[in-house]
Amino acid sequence: MKETRLGEFEEVMLLLVGILGEDAYAFKIAEEYETQSGRATSIGAAHSTLDRLEAKGFLKSEMGNATAERGGRRKRIFTITALGKRVLKESRDFRMSLWSQYPAFADKLNYLGAF
Numbered sequence: 001m002k003e004t005r006l007g008e009f010e011e012v013m014l015l016l017v018g019i020l021g022e023d024a025y026a027f028k029i030a031e032e033y034e035t036q037s038g039r040a041t042s043i044g045a046a047h048s049t050l051d052r053l054e055a056k057g058f059l060k061s062e063m064g065n066a067t068a069e070r071g072g073r074r075k076r077i078f079t080i081t082a083l084g085k086r087v088l089k090e091s092r093d094f095r096m097s098l099w100s101q102y103p104a105f106a107d108k109l110n111y112l113g114a115f
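Position 8 of the sequence shown, counted from 1, bears residue number 8 in the UniProt record's numbering, the numbering being contiguous throughout.
FYI, nobody ran anything at the bench for these hints, they're computed from the structure. This structure is a prediction, so every number in the text was calculated from the model and none was measured. Hints are not guaranteed to be accurate.
Claimed, not checked - No farther apart than 16 Å at their CA atoms in a straight line, the calculated lysine to aspartate or glutamate pairs in the EDC-like style are these: (1) K85 / E11; (2) K85 / E10; (3) K85 / E34.
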């Protein structure tokens with residue numbers, strides 16, 4: 001059976017693939033990670049994480065068209081699979097459940113209609 005849990009970095013990378021849509025290729029994902037988090041990541045870390053997410057069945061990839069701006073090289077474009085979407089939803093639901101139980105935030109979350 002495939003692993004269905006996500007580490008924090010994996011979860012963020014999976015979310016970024018969804019956010020970027022057709023622009024979800026490793027360099028752009030790593031760049032967006034830095035923009036969103038304020039922390040740098042190496043292209044190697046992005047590639048290995050994306051490969052791992054694909055091996056788990058959470059992502060699929062296809063080679064895009066070659067472009068002159070990339071010297072004729074093609075981009076590997078990632079998309080989230082149905083399983084990936086399900087795992088993201090489960091992860092979000094689990095975290096929100098925990099946040100709703102934390103007394104310092106529970107009332108605010110309930111007031112805001114999160115639950």
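Hints versus structure:
With a CA separation close to 11 Å, the supplied pair K85 and E11 stays within the 16 Å bound. Distance check on the hinted pair: K85 and E10 sit about 13 Å apart at the alpha-carbon level, within 16 Å; holds. Of the supplied pair hints, the one linking K85 and E34 is violated, its CA atoms being roughly 23 Å apart against a limit of 16 Å.
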